[in-house]
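There are 2 protein chains.
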Amino acid sequence: MDETTSAYIAGFLDGDGSIMLQIKPRSDVRYGFRITSTICLYQDSSHAGELHWIRNQLDTGYVSQRNDGMSELRLDGHERVANVLQQLKPYIRFKRDQVEWMLEALAKLDAAQTPNEFLGVCLLADKIAEANYTSRRKNTASSVEKEFRDKGWLSP
Amino acid sequence: MDETTSAYIAGFLDGDGSIMLQIKPRSDVRYGFRITSTICLYQDSSHAGELHWIRNQLDTGYVSQRNDGMSELRLDGHERVANVLQQLKPYIRFKRDQVEWMLEALAKLDAAQTPNEFLGVCLLADKIAEANYTSRRKNTASSVEKEFRDKGWLSP
Chain A
19 MDETTSAYIA
29 GFLDGDGSIM
39 LQIKPRSDVR
49 YGFRITSTIC
59 LYQDSSHAGE
69 LHWIRNQLDT
79 GYVSQRNDGM
89 SELRLDGHER
99 VANVLQQLKP
109 YIRFKRDQVE
119 WMLEALAKLD
129 AAQTPNEFLG
139 VCLLADKIAE
149 ANYTSRRKNT
159 ASSVEKEFRD
169 KGWLSP
Chain B
19 MDETTSAYIA
29 GFLDGDGSIM
39 LQIKPRSDVR
49 YGFRITSTIC
59 LYQDSSHAGE
69 LHWIRNQLDT
79 GYVSQRNDGM
89 SELRLDGHER
99 VANVLQQLKP
109 YIRFKRDQVE
119 WMLEALAKLD
129 AAQTPNEFLG
139 VCLLADKIAE
149 ANYTSRRKNT
159 ASSVEKEFRD
169 KGWLSP
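Chains as they are written, first to last, in our numbering: chain A, 19 to 174; chain B, 19 to 174.
Some hints here could point you the wrong way.
Put simply, identical chains are the same to the list, so a pair is met inside one copy or across any two.
Said to hold, decoys possible - Lysine to any residue pairs mimicking SDA-like chemistry, simulated, CA-CA at most 20 Å apart:
1. Lys42 to Gly87
2. Lys169 to Glu90
3. Lys107 to Thr22
4. Lys107 to Gln75
5. Lys169 to Gln83
6. Lys126 to Asp94
7. Lys42 to His96
8. Lys156 to Phe51
9. Lys145 to Ser63
For the record, the hints were derived by calculation from the structure and aren't laboratory data. Since the model is a prediction, treat every value here as computed from it, not as a measurement.
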């Protein structure tokens, strides 16, 4: 991707996109919670063609049409998300904190060996969500911490 | 402005901005209507600092805080708007039609010598508004045309 394309997509993401790190309960994983990472870009469906162009520049993601006349380009997967954010990072301005926390979280997640290290990633998810003004999250670092305490995984 | 800055601002405008050409009744101008041109970028007020950064890159515009928690960077004036759009144009994707109609309108407006030429600019204002999905406009090319006919300025 050339640098003006990266800068353009960074501007678009700053203007009308979101970066999410979510905590989802899953019984089949080590700590009982899965972390998912997502980048989303939105636009009126009449311009969906241009979302496909962005998708092709990034060489990853899915464009889908929602019921409310909007389309979205969604990228997920820790490696894909980290890779795209690394490319956009030099040009991101409004969401710079979110991008840095996200990259920090994804690196920590890879290395997380203890409940405490996993909780550290959840705390970064909280910071990202706060910066996104998302208030109705079911699973936060403190709900994960409570569950870890109940299970005796954390020292008192 | 370097090219990655132009590309970034183009992406931001595509994602969360608008380009407007408006028709306003004024008794003190030749055809009874004034045409105003505006570029607006929006963002949550907590990030107003970055709107100031964009303003400084463009070296024009005003940042103001609205009552609904949003801030906006507003540029107006035909020459300023044309100048900024010329710089962003190579990178604009989603709003490419609006940018081309706007530049065409501003060039025509400069040269408009007859009511018919003025109406041609109003028709471009209609196309831009349609592309913006703005439906509640008071003054459109057809309302201007009606008034010009009432005044006998157009051949029947």
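Checked hints:
Within a single copy, Lys42 and Gly87 get their C-alpha atoms no closer than 28 Å, and across copies no closer than 31 Å, so neither meets the 20 Å cut-off. Proximity of Lys169 to Glu90 under the C-alpha cut-off of 20 Å is found in neither arrangement, the shortest distances being 39 Å within a copy and 49 Å between copies. For the homomeric pair Lys107 and Thr22, the shortest alpha-carbon distances inside one copy (13 Å) and between copies (13 Å) are both at most 20 Å. Proximity of Lys107 to Gln75 under the C-alpha cut-off of 20 Å is found in both arrangements, the shortest distances being 16 Å within a copy and 19 Å between copies.
Within a single copy, Lys169 and Gln83 get their C-alpha atoms no closer than 42 Å, and across copies no closer than 48 Å, so neither meets the 20 Å cut-off. Taking the closest pair of Cα atoms, Lys126 and Asp94 come within 20 Å of each other only inside a single copy of the chain (17 Å); across copies the shortest separation is 47 Å, beyond that limit. Within a single copy, Lys42 and His96 get their C-alpha atoms as close as 14 Å, which meets the 20 Å cut-off; across copies the closest is 51 Å, which misses it. Taking the shortest alpha-carbon separations for Lys156 and Phe51, only the intra-copy value of 12 Å comes in at or below 20 Å, while the best inter-copy value is 54 Å.
For the identical chains of this complex, Lys145 and Ser63 are inter-copy neighbours only, at 18 Å across copies versus 31 Å inside a copy, given an alpha-carbon limit of 20 Å.
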